[in-house]
Structures are given as structure tokens and as C-alpha cells.
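Q: Top to bottom, those sequences are chains H and U. FYI, the working numbering numbers position 63 of the first sequence as 63, with every residue one higher than the one before it. FYI, the working numbering numbers position 225 of the second sequence as 1225, with every residue one higher than the one before it.
Don't take every hint at face value.
[Unchecked claim] Derived lysine-lysine pairs resembling DSS-like cross-links, with alpha carbons at most 30 Å apart: (1) U:Lys-1005 to U:Lys-1212; (2) U:Lys-1125 to U:Lys-1151; (3) U:Lys-1008 to U:Lys-1234; (4) U:Lys-1008 to U:Lys-1226; (5) H:Lys-322 to U:Lys-1014; (6) U:Lys-1151 to H:Lys-322.
[What the hints assert, rightly or not] Over 12 Å on every C-beta distance to chain H, these chain U residues come out as not near it, computed from the model: (7) Gly-1019; (8) Asp-1021; (9) Pro-1035; (10) Pro-1113; (11) Ser-1141; (12) Asp-1177; (13) Arg-1223; (14) Gly-1228.
Derived from the structure by calculation, the hints contain no laboratory data. For glycine and all other residues, C-beta sits at the position ideal for the given N, C-alpha and C.
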Amino acid sequence: MNALADLLPRPGDEAFKYTSFQTVARREYADPAPTAVDTAALPAPYGPRLLFVDGQLAGDGSGIVGAAPLRREAPHTAPAQANALRRMNAALASECITIDVPADTDAGTLELLFVASQHPDRIAAYPQVAVRLGANARATVIERHVALGDADDFLNLAIEVDLERGAQLTHLAVQRAAIRATVASGVYATVAQDASFMSHAVHLGGSLARADIDVVLAGRGAHCGLYGLHLAGLRQHIDTHTRIEHAVADTTSDEHYRAVVDRGGRSVFNGKVRINEGADRSDARQYNANLLLSEQAEADTKPELEIYADDVKASHGATVGKLDESALFYLRTRGIGEDEARRVLVWAFADTVLARVPQANVRAEVEAAVLARMPDAAKIEAFR
Amino acid sequence: MLSIKNLKVRVDGKDILNGLDLEVAAGEVHAIMGPNGSGKSTLAHVLAGRPGYEVIGGSATYQGKDLLDMAPEERAREGVFLAFQYPVEIPGVNNVYFLKAAVNAVRRHRGEPELDAMDFLTLAKDRMKSVELDESLLSRSINEGFSGGEKKRNEIFQMAVLEPTLAILDETDSGLDIDALRVVAGGINALRNPERAMVLVTHYQRLLDYVKPDFVHVLSAGRIIKSGPAELAKELEARGYDWVVKPA
Chain H
1 MNALADLLPR
11 PGDEAFKYTS
21 FQTVARREYA
31 DPAPTAVDTA
41 ALPAPYGPRL
51 LFVDGQLAGD
61 GSGIVGAAPL
71 RREAPHTAPA
81 QANALRRMNA
91 ALASECITID
101 VPADTDAGTL
111 ELLFVASQHP
121 DRIAAYPQVA
131 VRLGANARAT
141 VIERHVALGD
151 ADDFLNLAIE
161 VDLERGAQLT
171 HLAVQRAAIR
181 ATVASGVYAT
191 VAQDASFMSH
201 AVHLGGSLAR
211 ADIDVVLAGR
221 GAHCGLYGLH
231 LAGLRQHIDT
241 HTRIEHAVAD
251 TTSDEHYRAV
261 VDRGGRSVFN
271 GKVRINEGAD
281 RSDARQYNAN
291 LLLSEQAEAD
301 TKPELEIYAD
311 DVKASHGATV
321 GKLDESALFY
331 LRTRGIGEDE
341 ARRVLVWAFA
351 DTVLARVPQA
361 NVRAEVEAAV
371 LARMPDAAKI
381 EAFR
Chain U
1001 MLSIKNLKVR
1011 VDGKDILNGL
1021 DLEVAAGEVH
1031 AIMGPNGSGK
1041 STLAHVLAGR
1051 PGYEVIGGSA
1061 TYQGKDLLDM
1071 APEERAREGV
1081 FLAFQYPVEI
1091 PGVNNVYFLK
1101 AAVNAVRRHR
1111 GEPELDAMDF
1121 LTLAKDRMKS
1131 VELDESLLSR
1141 SINEGFSGGE
1151 KKRNEIFQMA
1161 VLEPTLAILD
1171 ETDSGLDIDA
1181 LRVVAGGINA
1191 LRNPERAMVL
1201 VTHYQRLLDY
1211 VKPDFVHVLS
1221 AGRIIKSGPA
1231 ELAKELEARG
1241 YDWVVKPA
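Modelling step: build the complete structure from the supplied sequences, incorporating the hints.
A: Dropping the structure here:
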């Protein structure tokens, strides 16, 4: 056991019932050293970029990202009810990178690029970011994880989101961490009156990936939409826990997560929706679908609805299943080969979520990345 | 074209077809009728190659080849088409791309050049008219959100695009109102020609008022127990199946 063990989620912690961080507790980690990365090796930016190398903000980080002023602050403390990972991030982060978008401003697209460099030592890092949108401000923040090596690092990222009245934030997460990495990413959002928080997350990388999305709909007319895809292959465990609190009346939420799990992979989805007393006319929808491609694939799905108001609409649905044999037969009777038919059906299942990603260039990246994980992707191209 | 001899098929441990014989020549339309549970749909599906249908005896030869030895997609590429009783909804797979891939799979198999998107759309739009299908359905997912009638017309539309040599239509009339039945029947009749054979599986004879078969066969307990001309269907309608199944 290492020095992190006391801070990591403990066995028996209900929020980590299916997802253990004990491998992290057993490993030794170094602090990230200042590392220069070859910027030519990085993907083209989607917008003004904040570059984090091994979890540390590269450059002096001063000035402005696009239209948004940037500040380096002391790390924020975690609220009392925060889960173990967020508390750990707050305890170990060296600073908080705060992006402030002034009221009535459209900041456009900002990119947070997390790059794992090629390095000899196993590294643990705790980046912390805060995004604040003033009244009626707008922004898209892309949280992008890429690896230049195959390090089995531990990244524990926390992003605080504070949306004032009428603000609109779109969060796009493209998680393509190294296949041996452990990635924890938490987004903790407070959404004021008439503001909206939209999140689209695609998790492809990591041996252990855990995402927490926690949204408090704090003002009337507040809305959130949470959408995501897990692609879990051999020795990959991908977990998303969402929590949406309808704190006041006339708030709406919509949630749709899918997972494709191949041999030796496991996906976990836990969707909690809490509708507080007095939060009347709340409307909460949740759906989670899991496609198992092998007998040696596992998916755990758990909707949790806690409703303390009377006049609400709340729905949830969850499915775990194999490829639809009747659909497969139907395609084959039209001349489509069996392998191709299987791939097309897997692709169609996944693309239901990917097709919702609002920004075309990001959508193209995640679609290509998902296609690349399917053999003979070129044949599926014919169906797009 | 199709020669079925003493075919015996087991599904989920139950013997469904028990020595079925049928000869279908090019240009002919055969109607397979029979009460529920007689094995009609099993016959349609086993000819299309549905997995899980265990052939325990007999043979089916199509254009001189062992049909039962071929994978479903090979049969399709060789010109066998099954119109489903319950067409499958496939969310996320676009009708246009699916059907274009299907057409080109057949064309590749025949050594013909593949159709590009423009040529395919021209073909598809032309064939949609024959079954009065709305063009907007082309850009939707396969059968998703289609009405019952639209699904059946979509089957006939696919048949018109794929131009099979042997078409097997499984209860294509079920669930159709009289107007939709007329449209579907018109689509089927338009595809009748001297090179193409059709097997219509149906419980009721009403489809046969619009698509006149050359032969009618009565299936009972997995065997054809009576065959006759088109008029046999009328007689079945008037007298019921018991008249043939349990002769006095």
C-alpha cells in the first residue's frame, strides 16, 4: 500500500461498488516532472488550447484563452458530500485553473488537452479546472485525453462548472487515454435559472476509467443533457456515475448512455436522479443500453431514482443484451455478409450516441476512433 | 428452379417439417396455404437459411445447387429473397445505405460493376413508386417507426430493387388493410416474369384474389397434403382447412 491508499475510494464505498482503485493503491507513482512534448505529435486543436502535460499546465498559463480570462488559483476545497476521488483531487491538486467567461459573451470552443507524455516513471497527477460562465454566456469546453506513450499513469481530474442565469455550456469529453492508464474525471456542475449544461462523453481508453458527472439544477428552467458511450475491450473497465439533482421546480434532464463491451471488458453505469421536495414539474429521462459482444463481457447498470416531489415526470430504462440475432438474419437475407452485418449492427448501436455530438469535427474524430476499433472498418463506411 | 425433396426440419427440438416435397419452375407462382402451426413460416425461413433451423433430412436444390448448404447471404446473392412476415426494425442503420450495400453485394457476386450513389438513388426512387412508398422513408433507419403497412411495402420495395430469381413471401398480406393489400399485390404482380419464381406463404386466400397463383398447395403437419390450381384456394376459403386436413 502506498501513501495514496488513505485517499482512494475504499473497498465497501457504495459509490465504488463495481469499480476498485486498489491497483492504484498498490502501485508507486512519481510526481510529474516538467516535460516538453513535441507539439507536432499532438492532434490539431479544436480551438484555443490549454495544454496539460502529465496533468500539469504547460507554459505560464497566463492571459486569455480565446475570449475567456484565465486565472491560476489555490486549489478549491471539495464539498462535504463529495466522493472520495473529488476529495482526493482537492487534497492533492497544486492549483486550480479557472476559466471565467464574462456575462453575455460567447467564448466559442476551448480545448483542455490532457497529454500523457512518453516517460519512464509511473506518474500520478491531480489537475483541477473551474469553468464559470456569467449570465447568458456561452462556451463549448472540450476535455480531450491523448497518450504519446503507453504509460500506466493515474490521472485524477476534477472540473468544476458554475453556470449563471441563462448560460449555456457544452462539455465534450473525448477520452483516448493509454490502454494501461487509470483515468478518473469528474465534472461537478451547478446550473442556475434557464441555464443549460450539455455533456457528450466518449470513453475509449484506459484500463480503468471512471467518470463522475454531478449536476445540480439549481434554478427554474435549468436543463442538463448527459450523453455518452463506453467502448470497453480486453482488460478495460469503464465506469460512469451520473448524479442529477432537480433542486427546484421546472427543471429538466435527459440522459442517454450506451456501452459496447467486448471480450474481457466491463462497463458500469450508475445514474442517480434526485428530485427534491417542491421541485414540481421536474422532467427527468434516463436511458442506458449495453451491448455485450462476448460471453466474457460484463455490464452493470443501475438507475437510481429518488423522488420527493409529487408532480413530476421521471422515466428510466436500461437494457443489457447481445446483438439482435433477428436483425443479423434480416441483413444477411439481403446479401450482407455475416461479419459485415455484425459490424454494421455494432456501429449502429454506438452511433446512436455519437451522432448526437453537436460539433462536426469532434463527432468525426470519435466516429473514426470507434470505427478504428472495429476490424474491417472500411466496409462499414459504406453504411454511413 | 427449386426442387424440395422429403425435407424434414426440426426447430427447438420439435419436428416441424416432416417430408415436404415441392417443385417450382421459373415463371411460376406457388401459394402455400395451411392452418396455423402447419409449418408454412418454417418452410419460408429454412429456405432463406435462418440459423437454428435444423435440417434432419431431405434436400432443397436451387438452380442445381444445394440450397441448404449455403449461408443466408450466399442464397441472397444467388437470387433468393425472403419477404418477412415481421420485418425487423434496425435502429441506426439507414435504409438507403443498407439497400445500396445489399444491391452491390449481389452485383459483386454476379461480377457486375457496383452502382454508385446516384445510380442507386435513381433506381430506388423508381421502384418506390411501384409500391407507393414515401421517399422520406429512404433516409430513415430500417423499418424504424414504420407502420405495419409501410413495413410490408418496404419488403416488396426491397424485392423490386434486388430483383431476385426466387422470391419467398411469408404472410405478406397479414395485417394489411384492403388498400394496402391492393398496393402490395400490384407490386408483386409487377415483378412476375418468365424468369422469376414466387412462393407465397399465406393463411388466407384474399391475397390470391389479387395475385393469381399457378398452383396452390395445402400444408398440414409439415407435409403438402393437397395440390391444385388457383381454384383450390377458393374452395379452402369456402370450406375451411378441416375439409382437407381431416377428410370425412
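Q: For Lys-1151 (chain U) and Lys-322 (chain H), compute the direct alpha-carbon distance and say whether it is at most 30 Å.
A: Holds: Lys-1151 (chain U) and Lys-322 (chain H) sit about 24 Å apart, inside 30 Å.
Q: Would the least Cβ to Cβ distance between Arg-1223 (chain U) and chain H come out above 12 Å?
A: 25 Å, holds
Q: Is the nearest Cβ of chain H still more than 12 Å from the Cβ of Pro-1113 (chain U)?
A: Since the minimum Cβ distance to chain H is about 15 Å, Pro-1113 (chain U) lies beyond 12 Å and the statement holds.
Q: Far enough from chain H: is every CB of that chain over 12 Å from the CB of Asp-1021 (chain U)?
A: About 24 Å separates Asp-1021 (chain U) from the closest Cβ of chain H, which puts it past 12 Å; holds.
Q: Given the hint that Lys-1005 (chain U) pairs with Lys-1212 (chain U), test it: the Cα-Cα distance must not exceed 30 Å.
A: 25 Å, holds
Q: Please check whether the beta-carbon of Gly-1228 (chain U) is more than 12 Å away from every beta-carbon in chain H.
A: 30 Å, holds
Q: Tell me if the straight-line CA distance from Lys-1008 (chain U) to Lys-1234 (chain U) falls inside 30 Å.
A: Cα-Cα ~29 Å, so holds.
Q: Does the no-contact call for Pro-1035 (chain U) survive, Cβ to all of chain H over 12 Å?
A: Since the minimum Cβ distance to chain H is about 25 Å, Pro-1035 (chain U) lies beyond 12 Å and the statement holds.
Q: Could you check that no beta carbon of chain H comes within 12 Å of the beta carbon of Gly-1019 (chain U)?
A: Given a closest Cβ separation of 25 Å, the condition holds.
Q: Could you grab the alpha-carbon distance between Lys-1125 (chain U) and Lys-1151 (chain U) and see if it respects the 30 Å cut-off?
A: Satisfied, since the Cα-Cα distance of roughly 17 Å is no more than 30 Å.
Q: Can we trust that Ser-1141 (chain U) is non-interface, i.e. its beta-carbon lies farther than 12 Å from all of chain H?
A: 8 Å, violated
Q: Decide, holds or violated, for the assertion that all CB atoms of chain H are farther than 12 Å from the CB of Asp-1177 (chain U).
A: 24 Å, holds
Hint violations for this structure: number 11 only, all remaining hints satisfied.
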